[in-house]
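Chemist: Sequence lines, in order, name chains F and U.
Using this note's numbering, you'd call the opening residue of the first sequence number 1 and step up by one each time.
Using this note's numbering, you'd call the opening residue of the second sequence number 156 and step up by one each time.
Worth flagging that the hints you see were computed from the coordinates, not collected in a lab.
Just to be clear, a hint being listed does not mean it is correct.
Here are some of the chain U residues that sit facing chain F, going by a computed Cβ distance under 8 Å [claimed, not checked]:
1) Ala259
2) Ala260
3) Pro264
4) Ile301
5) Glu302
6) Tyr306
Note that beta-carbon positions come from the ideal geometry of N, C-alpha and C, so glycine has one too.
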Amino acid sequence: MMWRCILLLPLLLLATTAKAAVSDPADMLRDQAQEERARALGRELRCMVCQNQSIEDSDADLARDLRRIVREQVATGRTDREIMGYLHDRYGDFVLLRPPVRLTTLALWAMPVIALGLGATLIMVARRRSGAASILPPLSAAERARLVELEQDAQ
Amino acid sequence: MSVSPGPRRRILLFAPLGIAAAAGAGFLVMLRGLSSGAYNPKGVPSALLGKPVPEFDLAGLVGADRPTLTAAMLRDLERPLLVNFFASWCVPCLIEHPQLMRLAADGVPIMGIAYKDKATEALGFLRKHGTPYQRIGVDLPGRVGIEWGLYGVPETYLIDRQGLIRWRYAGPLTEDVVKADVAPLLRRYA
Numbered sequence: 001m002m003w004r005c006i007l008l009l010p011l012l013l014l015a016t017t018a019k020a021a022v023s024d025p026a027d028m029l030r031d032q033a034q035e036e037r038a039r040a041l042g043r044e045l046r047c048m049v050c051q052n053q054s055i056e057d058s059d060a061d062l063a064r065d066l067r068r069i070v071r072e073q074v075a076t077g078r079t080d081r082e083i084m085g086y087l088h089d090r091y092g093d094f095v096l097l098r099p100p101v102r103l104t105t106l107a108l109w110a111m112p113v114i115a116l117g118l119g120a121t122l123i124m125v126a127r128r129r130s131g132a133a134s135i136l137p138p139l140s141a142a143e144r145a146r147l148v149e150l151e152q153d154a155q
Numbered sequence: 156m157s158v159s160p161g162p163r164r165r166i167l168l169f170a171p172l173g174i175a176a177a178a179g180a181g182f183l184v185m186l187r188g189l190s191s192g193a194y195n196p197k198g199v200p201s202a203l204l205g206k207p208v209p210e211f212d213l214a215g216l217v218g219a220d221r222p223t224l225t226a227a228m229l230r231d232l233e234r235p236l237l238v239n240f241f242a243s244w245c246v247p248c249l250i251e252h253p254q255l256m257r258l259a260a261d262g263v264p265i266m267g268i269a270y271k272d273k274a275t276e277a278l279g280f281l282r283k284h285g286t287p288y289q290r291i292g293v294d295l296p297g298r299v300g301i302e303w304g305l306y307g308v309p310e311t312y313l314i315d316r317q318g319l320i321r322w323r324y325a326g327p328l329t330e331d332v333v334k335a336d337v338a339p340l341l342r343r344y345a
């Protein structure tokens, strides 16, 4: 029973954090579609204070301010691009949880491909080597004679 | 069946050693950067470097006996200056305060912005510890801070004579930072 509780704990925590992610109801936009848009934008923006949370998930003061700014701009009809641009101009690439592909971020984006390629190469090298190790000894004179016999039979 | 180690096998034998050596060299470079301050894993470069100070207009700090601060006052300067975001509730601000006082005493112009701080409390802080600022603006809602790309207090910016942001330091200024960064930059942009 004890163990079951312990195993359930992470799930419980996950559920509560998911609920806590919703910001102060007073800050929410009345229009459901606009609120959804603001939330989608907020999930793409990094909280600069906690660094590994989006501003939608963070309780930091700055995150709350940024949530408000996003909602204000959504309400005034600015496009997603304009809103992201507003924050990018002030906070740089770091505010974007999905950094743009650039020369400096190329290693970051290419890493999955590099890792896959490296893994595949390693597997191929290992396979080739194990194949090389199991090379059969050359045929003996008797075996060779038998092979010739068989080949003649086949013709 | 004994296999003599061919040249390819020997290379493979040394590969892990080579990788370890490369990783070690990288780590050493990182450590050096950490100790010299050239590499800061938590540091985020300001997006405003090389750009003019953002437009802003702030109310002054009543009772501080200092004029207020607006963006217009940070253009066409006679000499570079520092803009320091502070708050009375911020402990690192208290830690860096002696550095600011020393810089002010040396004649470096410093502008202060009280971030998310009530005027009375900001005033109390300055009365108690001294006022290093030539001008003070009060940013109670923290909106001007966001215009600057601020993510905490204290933060210090160096503005050149054209009004461009040349340097940003997030965190308390220490003697080392003043010596290694502030002083040379003030000279460079003088």
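Chemist: For each hint, tell me whether it holds in the structure or not.
Modeler: To see whether the hints hold, each was checked on the structure:
1. Against a cut-off of 8 Å between C-beta atoms, the interface hint on U:Ala259 is violated, since the closest Cβ of chain F lies about 28 Å away.
2. Residue-level restraint check for U:Ala260 is violated (minimum Cβ-Cβ distance to chain F is 32 Å; threshold 8 Å).
3. Interface restraint check for U:Pro264: the shortest CB-CB distance to chain F comes to about 24 Å, outside 8 Å, so the restraint is violated.
4. Checking U:Ile301 against chain F: minimum C-beta separation of about 6 Å stays under 8 Å; hint holds.
5. With a cut of 8 Å, the hint placing U:Glu302 at the interface with chain F holds, because the nearest CB-to-CB distance is about 7 Å.
6. Taking 8 Å as the C-beta cut-off, the interface hint given for U:Tyr306 holds, the closest approach to chain F being about 4 Å.
The structure shown violates the earlier hints numbered 1, 2 and 3.
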